[in-house]
Each structure stands twice: as C-alpha cells, then as structure tokens.
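Please model the entire structure based on the sequences and the hints provided.
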Amino acid sequence: MQTPLHYAASCGHVEAVRTLLQLKVSLELYDEDGHCCFDVADTEEIFNMLKAEEELRQAAT
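According to UniProt numbering, the sequence shown is numbered sequentially starting from 1.
Calculated from the structure, these hints are not laboratory results. Only a predicted model underlies this, so the values are computations on that prediction, with no experimental measurement involved. Careful: at least some of the hints might be erroneous.
[Claimed, not checked] Below, simulated EDC-like cross-link-like pairs (lysine to aspartate or glutamate); rule was C-alpha separation at most 20 Å, straight line:
#1 LYS51 / ASP31
#2 LYS51 / GLU28
#3 LYS24 / GLU53
#4 LYS24 / ASP39
Following this line, the structure appears as structure tokens:
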C-alpha cells in the first residue's frame with residue numbers, strides 16, 4: 001500500500017505533492033515494496049521538491 005505522498009509522487013501530481021509537503025507528511029515511510037517517496041518520484045521536478053523539503057527539515061533540527 002502506498003501513502004498519499006507515494007501515490008502523488010509516482011503519478012506526477014506536482015500540486016498534490018506540494019500540498020502534502022506543506023502539511024508536513026513523513027518523507028521516511030516506505031511502501032510494501034520497500035520504496036520511499038524519492039524512489040517513486042515520477043519526475044525530476046518532484047524528486048527535487050522532495051529533496052529540498054528533506055534538506056529544510058534537516059536544517060530545522
């Protein structure tokens with residue numbers, strides 16, 4: 001089963017990914033196949049959004 005972030009990222013739904021990131025959903029969850037949201041990102045734009053969010057969260061801790 002995929003999380004909403006996995007689904008949005010894998011289907012290329014940029015706005016949905018953006019909204020989910022604003023809601024601070026976890027970037028660290030894995031689907032049943034062992035993939036994280038970075039692994040299933042459909043586009044480079046989405047991958048870069050996820051990476052930027054990860055860096056922001058790490059800087060905040």
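Evaluated hints:
Straight-line distance between C-alpha atoms of LYS51 and ASP31 comes to about 18 Å, which keeps the hinted pair within the 20 Å bound. Taking the CA atoms of LYS51 and GLU28, the gap is near 12 Å; set against the 20 Å cutoff, the hint holds. Straight-line distance between C-alpha atoms of LYS24 and GLU53 comes to about 9 Å, which keeps the hinted pair within the 20 Å bound. A hinted pair counts as satisfied when its Cα atoms are at most 20 Å apart, and LYS24 with ASP39 qualifies at roughly 19 Å.
Checked against the numbered hints listed earlier, the structure breaks none of them; every hint is satisfied.
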